[in-house]
Amino acid sequence: MDKIETEQNMASTELPHVQLGKAPLPESPILLGWLRQMLLIREFEVRTMQAYQNRLIGGFCHVYIGQEAVAVGSIAAVNPDDPIVLAYRCHGHALARGMDPKYCMAEMFGRIGGCAKGKGGSMHMFDAPHHLYGGHGIVGAQTPLGAGLAFATKYEDEVLHDGKSQHVTLCYLGDGAINQGAFYEAMNLAGLFNLPVIFILENNRYSMGTAIERGTTMASELHTKSAAHGINHAIVDGKDVVSMYQSFKSIADWCREESRPFFVEAQTYRYKGHSMSDPRKYRTREEEAREEGSDCIDRLEKFLCDEHDLTTDGIKQLTRQVKTQVREAVDWAKNSPETPMDELYKDVYVDHWGPFTGTSKPEMLQGEDE
Amino acid sequence: MANLTLVQAINLALIQEMEKDDRVLLLGEDIGLNGGVFRATEGLFQRFGGDRVVDAPLAESGIMGTAIGLAMGGLRPIPEIQFEGFLGPAFDQLTNQCARIHSRTRGGLTCPLVLRVPVGGGIHAPEHHSDSPEAIYTHTPGLKIVMPSSPYDAKGLLISAIRDPDPVIFFEPKRIYRAFREEVPEDEYLVPIGEARTVCKGEELTMVSWGATVMQCMNAIEQVDCSIELIDLRTISPIDMETITNSVRKTGRCVVVHEAPKTAGLGAEIAASVMENCFLHLEAPVQRVCGFDTIMPYYKLELEYLPDAERIGKAIVETLAY
Ligand SMILES: Cc1ncc(C[n+]2csc(CCOP(=O)(O)OP(=O)(O)O)c2C)c(N)n1
Ligand SMILES: [Mg+2]
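Same order as they appear, the protein sequences are chains A and B.
Here the first sequence stands for residues 1 to 370, numbered as in this note's numbering.
Here the second sequence stands for residues 1001 to 1322, numbered as in this note's numbering.
Heads up, some of the hints might be wrong.
[Claimed, not checked] Below, a list of computed lysine-lysine pairs in the DSSO-like style, where the Cα atoms sit at most 27 Å apart:
1) K1300/B / K1250/B
2) K272/A / K346/A
3) K361/A / K334/A
4) K272/A / K1300/B
5) K346/A / K1314/B
6) K323/A / K302/A
7) K334/A / K1201/B
8) K1314/B / K1201/B
9) K361/A / K1314/B
10) K346/A / K1201/B
11) K1262/B / K1250/B
12) K272/A / K334/A
13) K22/A / K302/A
14) K316/A / K302/A
15) K1201/B / K1250/B
16) K346/A / K361/A
17) K346/A / K1300/B
18) K1262/B / K1314/B
[As the list claims (entries may be wrong)] The following residues of chain A were derived to be distant from chain B, with all beta-carbon distances above 10 Å:
19) Q19
20) R36
21) K119
22) L160
23) G176
24) F193
25) G215
26) D237
27) D306
28) E307
29) H352
None of these hints come from the bench; they were simulated from the model.
No residue lacks a Cβ here, since even glycine has one placed at the ideal position from N, Cα and C.
Same shape as in the complex, but just chain B (with noise of 0.2 Å):
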C-alpha cells in the first residue's frame, strides 16, 4: 500500500500496465521529456524510452487519429489531450470515427484505446481549461467514459479501461488530482467499468454524483442532519442505472450533482431514468444541482459555478422539506 494522490495513482496504473504490457504506449502533447502539464506521465518518458512515450506536435485532431490507427493495427494507444477544452480539434477523429469502428466494421475491428483528458474546473484555469464536457461524448454510442472520484479507483478505473476492448474516455478531474491522498495498493487490482460505488448508505435521499463533485457532496452531508445514501457513478457510459433505481426506490428522493451546464446535461438524462424506473416510489420531484447554463467563468466567479456544500445542501433540505 502507497499513500498515493489522484495523480500519482494515474501514472502508477500506467507503470504498472506499461510493464506488463509493451503493446500500451503513450502519446500527447509534452508528455515525455516535459512530463506532462499535469504531471501525469512523470518520469515515464526515462522509464520506457521515446519509443513508447512519444511527445506529440500540436495537433489534437492528428492525435486522435492516430491513436485510432495504432488501435485498430493491434496496439494499445493511450493519447492525452492536455486539457478538455482542446477536444475541440480531435472532436471529429473522436466521435465520427473512434466511437463507430466496431460498428462500422460490424465487429470485424476494434478500437481499444485510452484517451485521457483533465477535466472541470476548480483549478483557477480560464475558459477552455475548466468545462465538463462529458454529456457531449455520453451522447455518442461507442465510447465509454469514465470519471474518478478518488485515487483508488483512478489506478483500478485505468487499469480496466486499458484491458477494455472498446475506446474509453478517462477523464480525470484536475480539482482532485492532489487534493487527498488514499491507500493505493501497490498491485494491479480492477475497478469495473460501468459499476458505480455507494460512498455512504442512508434512508431518506439518494444523491447521485461524479467526479470532483463527489467530495462536495460528502462536505454537504457532513453538514446536514439526514439519512444520505451517496452514489459516485465512476462510469458514466455506460451508467450503472440498477445501482441508482435500487436506492431511489429505497429512500424516494434524488438528487443530482454535477459541475457541468444544467441544460441537457447528464443529471437530465438521470431525471429521466429515474422518472421511468422509480415512478411510484418517488416522495419528490429528482433535483438537479449543476453548473449554469453560461460559460465557464474567469476564475475569480469559479467557484460560485461550481456546485458546492451550500448549494447542494439546499437542495437536500428542499427535497426533504417537499
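Looking at chain A on its own, in the form it has when it is part of the complex (with noise of 0.2 Å):
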C-alpha cells in the first residue's frame, strides 16, 4: 500500500476525501536512531519497573511498554520544535523527543534533578525548550489543552508572521480518554477554528481494567467520533514504526497546509499492567502472548536485517549501548539530591508573594534562555 486513504465510508460525513500519498523513507543511520530510540525507551522502562520495585520510585507508575513504535514514529515525523502534550503514560514521548533520560529518571526518583525538580513524578514529564507541554495526569484533560497549543502556533504563524501555518500539534490520548468530555470539546474547537493539531488515540485496547467495547461506544470505528466533527482520519499499525512515520509525514504535512486538525487511531497494546499493581485480570496471558508476537522492535529489527544490512552484531552494539545510557541515567538520578522541603513554596507563582518564593529552574532548563 503506498497510499494513506483517509476515508469517507460514511454515507452520512461530507469530509474531504483526502489522498495522502506515502512519505518516502529516510536513510539507513536515521532508520537506526529509531531502532535505537525504541531500545532505549523499553529498557528505560524496564529499570523504572525495577527501580519501583526496589522502591527508588513511588507514587504511580506507568510503563510504555509495547508502545513505543507510536511515539518514536509519530515524533521523527515532525520537526524539532512542534508541540507535544501527552496523558500521564508519557517517559516515551519525552525521551522520543529527546529528553535525556537522566531528567526522567531523577523526576520518577523524587529528585532534585528531575525535569519538575522530582515533585511531580511519573505523570509529570515536562521540557520546554523540546517543546514537550507535559504529561497531564487527569485523563482527557490534556487534549483541549493540544487545541489550545496549535491555536498558538497558529496564531504566530498567520497572524504575528502573517504567513501560512508552519507547525503541528501532537496530542495524544488513550482509548480511555476518548470519553471524556473534554475530548469532543477539543475537536470541536479544533474543526470549527481549523486548529493544526493531530488527535493520536494511542488505542491498546484498555483503559486501565475495562477493555474498550465494554467502556466505548463504535469501539472498532472509533473514527466515527472524529467524523462527527469534520475531522478526517487515519488508521494506523501502531506496532510498525515505519508506516507510523511515514503516515504522520504526510498527515503532519497535510495539516500545516489545510491548517486543519486530524485523528488518528495507533493501534497499539500495552503489554504490562496499567500501573505497577495490576494484576491483568482482564485478559489472557494468551492474548497478551499472541499481541508480543508482533512487537514492534522486533519487526523493526528484522527489516532493517533484511533492507538495510543491519547484523545481530549491530542490534547488540546498540542493546549494550542504551543499557549503558540507562544505567549512567540510573545512577545519575540516584546521585541526585533528594527534593528538599523548601521546594514547596518554588514555583507556585511567578513572583515573590507572601510565602512564596517565586520561580526556580530545574537544573535541565539552566543555562536556557538566558
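Bring the two chains, given one by one in their own frames, into a single complex with the hints.
Structure representation (C-alpha cells):
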C-alpha cells in the first residue's frame, strides 16, 4: 500500500476525501536511530519497573512497553519545534522528543535533578525547550490543551507573521480518554477554528481494567467520532514504526498545508499492567502472548536486517549502548539530591509573594533562554 | 460482630443496603468486574450483577450527571469517583446541578445520592491523587459532607447517607482504608449525619479534626501530659458546632487539625465560629495545624506536608502556654 486513504466511508459524513501519498523512508542511519530510540525506551521502562520494585520510585508509575513505535514514529515525522502534549503514560514520548533519560529518571526518583525538580513524578514529564508540554494526570485534560497549543502556533504563524501555518501539534490520548467530554469539546474547537493539531489515539484496547468494548461505543470505528466534528482520520498500525512515520509525515504536511486538524487511531497494545500494581485479571495471558508476538522492536529489527544490512552484532551493539545510557541515567538520578521541603513554596507563583518564593528552574533548563 | 477495616466496613454497608433496597445501584470506573481501585466494591458485581453494579466509561461528568438523573428519577444511585482529583470533570454537575436540584425545584424534587470519593494523602500517591478538597464542597450549599475516621463510623454513616434525602459526598480517607481494624456489628445501625463524636474527654484543650488526621491527633495526645478533649467531626457539612462550642466553653482552648491547605480551609471556618460562640471563654487564640498552602507534594515529602503528632504536639504546647 503506498497511499494512506483517509476514508470517507460513511455516507452521512461529508469530509473532504484526503488522499495522502506515503512519505518516502529516510536513509538507513535515521532508521537505525529509530531502533535505538525504541530500544532506549524499552530499556528505560524495564529499569523503571525495577527501580519501582526496589522502592526508588513511588507514587503511581505507568510504563510504555509495547507502544514505543507510536511515540517514536510520530515524533520522528514532525519538526523539533512542533508542540507535543501527552497524557500520563509519558516517559516514552519524552525520550523520543529528546529529553535526557537522566532527567526523566530523576523526576521519578523524586530528586532535585528531575525535569520537574522531583516534585511531580512519573506523570509529569515536561520539557519546554523541546516543546514537550507535559504529561497530564487527569485523563483527557490534555486534549483541549492540544487544541490551544495548535491555536498558539497558528496565531503566531498566520497572524503575527502574516504567513502560512508552519507548525502542527501532536496531542496524544488513550482509548479511555476518548470518553471524556473534554475531548469532544477539543475536537469541536479544533474543527471549528481550523487548528493544526493531530489527535493521536493510542488505542491499546484497555482503560485500566476496562476493555474498550466495555467502555466505549463504536469501539471498532472510533474514527466516526472525529468524523462527527468534520475531522479527517487515518488508522495506523501502531506497532509498525515505519508505517507510523510514513503516515504521520504525510498527515503532518497536510495539516500544515491546510491548517486543519486530524485524528489518527494508532492500534497498539500495552504489554504490562496499567500501573505497577495490576494483576491483569481482565485479560488472558494468551492474548498478551499473541500481542507480544508482533512486537514493534522485533519488526523493525527484522526490517533493518532484511533491507538495510543490520546485523545481529549491530543490534547487540545498540542494545549495549542503550543499557549503558540507562544505567548512567539511573546512577545520575540516584546521586541527585532528594528534593528538599522548601521546594514546595517554589514555582507556585511566578513572583515572590507571601511565603511563595517565585520561580526557580530545574537543572535541565539551566542555561536556557539566558 | 466482625473485626473489619474501614474499606471492608464500606463494602459491608453497600451490600446490606443493596440487599435491603433494590433501588440502590452503584456506578463508577472499574467498580464492577475489577472491584474498584481500592477494592471497596469487591464482589458486588458478582453478587448483584451488572445492572446494579455498573462499570461506567472514563467520564466523570457523565457519571455524576447520570447519577443525578437517576436520583431525580426515584432511584438511590451511589456513584464512585476513583480519586478526589477527578472530581474536577464532575465539578459542574456536582455543584451547579446536584447541590441545587432541591432548591431550584423549590422542593419539588430531591436528589438522594451518595457520591463516594477516596480522599487525602498518606498512601504514596502523586498530585491529583492526594488532595483534601472538602472545604470546596462545604462552601457549596445543598451538599452534605461526611468523612469517617473509623470502620464503625464508616458503616453507620454510609447507611445513613444512603437513606438520606439529600445528596451526600462520602469522603473515604485512603490512608486509613486498611490502617487498622475495629469491631463492626453485622446488624445494621445508623451513625447520624450531623453529629460529631467526642473521641476522648478532657478539660484543658479541645482538639477538632476529621478523617485520617483523627489518628494523628490521638498519637499526639498520647505523647503530651495534659487533659485533651478530641472531637471527630464525622460530618463536615452540616457541621456540629454545638459539640465544639460546648467543649471549648469548658476548656477555653482549641486546636483544629486538617490535611487540606490552611488558607480558607475548614479550620478557618471553625476558628471563626469558635470566636463567635466562645469569645469570652477563650484563653488562647485558636490554632490550626494543616497542610501547607502549596500543591500536594510527590510522595517523598507528603509525610512532611501532612500534620503529624509532632506538629500537633507543638500546637498543643503553645496553646496551653499562651
Ligand atoms: C479524570 C480522570 N479519571 C480517572 C483517572 C484514573 N485513570 C488513570 S488512567 C485511567 C485509564 C486510562 O486509559 P487510557 O486513556 O486508555 O490510557 P492508557 O492507560 O491505556 O495509556 C484511569 C481510569 C484519571 N487519572 N483521571
Ligand atoms: Mg488504553
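These are the hints, each one checked on the structure:
1. As the CA atoms of K1300/B and K1250/B are separated by approximately 40 Å, the hinted pair breaks the 27 Å bound.
2. Straight-line distance between C-alpha atoms of K272/A and K346/A comes to about 35 Å, which puts the hinted pair past the 27 Å bound.
3. Restraint check: the Cα-Cα separation between K361/A and K334/A comes to about 20 Å, which is no more than 27 Å; the hinted pair holds.
4. For the suggested pair K272/A and K1300/B, the alpha carbons sit about 25 Å apart, so the restraint of at most 27 Å is met.
5. Restraint check for K346/A and K1314/B: the C-alpha separation of about 26 Å stays at or below 27 Å, so the hint holds.
6. The hinted pair formed by K323/A and K302/A meets the criterion: a straight-line CA distance of about 21 Å does not exceed 27 Å.
7. At roughly 48 Å between alpha-carbon atoms, K334/A and K1201/B are farther apart than 27 Å, so this suggested pair is violated.
8. Of the pairs offered as hints, the one joining K1314/B and K1201/B holds, with about 20 Å between alpha carbons and a cut-off of 27 Å not exceeded.
9. Distance restraint check for K361/A and K1314/B: the Cα-Cα separation of roughly 34 Å exceeds the 27 Å cut-off, and the hinted pair is therefore not satisfied.
10. A threshold of 27 Å between alpha carbons decides the hint, and for K346/A with K1201/B the separation of about 41 Å lies outside it, so the pair is violated.
11. Proposed proximity of K1262/B and K1250/B is supported: the alpha carbons are some 26 Å apart, at most 27 Å.
12. Restraint check for K272/A and K334/A: the C-alpha separation of about 25 Å stays at or below 27 Å, so the hint holds.
13. For the given pair, K22/A sits about 21 Å from K302/A by alpha-carbon distance, which is consistent with the 27 Å threshold.
14. For the proposed pair K316/A and K302/A, the alpha carbon gap of about 14 Å is at most 27 Å, so the pair holds.
15. About 11 Å separates the Cα atoms of K1201/B and K1250/B, which keeps this hinted pair within 27 Å; it holds.
16. Pair hint K346/A plus K361/A holds up; C-alpha atoms about 10 Å apart against a cutoff of 27 Å.
17. Between K346/A and K1300/B the CA atoms are separated by roughly 17 Å; this keeps the pair inside 27 Å, and the hint holds.
18. As the CA atoms of K1262/B and K1314/B are separated by approximately 17 Å, the hinted pair is consistent with the 27 Å bound.
19. Chain B leaves Q19/A outside its interface by the beta-carbon criterion, the shortest separation being 34 Å against a cut-off of 10 Å.
20. Distance check on R36/A: its Cβ is at least 30 Å (rounded) from any Cβ of chain B, clearing the 10 Å threshold; non-interface status holds.
21. A cut-off of 10 Å between C-beta atoms contradicts the statement that K119/A is not in contact with chain B; the least separation is 5 Å.
22. At roughly 33 Å, the least C-beta separation between L160/A and chain B is larger than 10 Å, which holds for a residue marked as non-interface.
23. Distance check on G176/A: its Cβ comes as close as 4 Å (rounded) to a Cβ of chain B, failing to clear the 10 Å threshold; non-interface status is violated.
24. Residue-level check passed: F193/A sits 22 Å from the nearest beta carbon of chain B, beyond 10 Å.
25. The Cβ of G215/A sits about 4 Å from the closest Cβ of chain B, inside the 10 Å cut-off, so the non-interface label is violated.
26. For D237/A, the condition that its CB be more than 10 Å from all CB atoms of chain B holds, with the nearest at approximately 25 Å.
27. Look at D306/A: its CB is around 41 Å from the nearest CB on chain B, clear of 10 Å, so calling it non-interface holds up.
28. For E307/A, the non-interface assignment is confirmed: its Cβ lies about 41 Å from the closest Cβ of chain B, beyond the 10 Å cut-off.
29. The claim that H352/A lies off the interface holds: its Cβ sits roughly 14 Å from the closest Cβ of chain B, which is beyond the 10 Å cut-off.
Violation of the numbered hints given earlier is confined to hints 1, 2, 7, 9, 10, 21, 23, 25; the remaining hints are satisfied by the structure.
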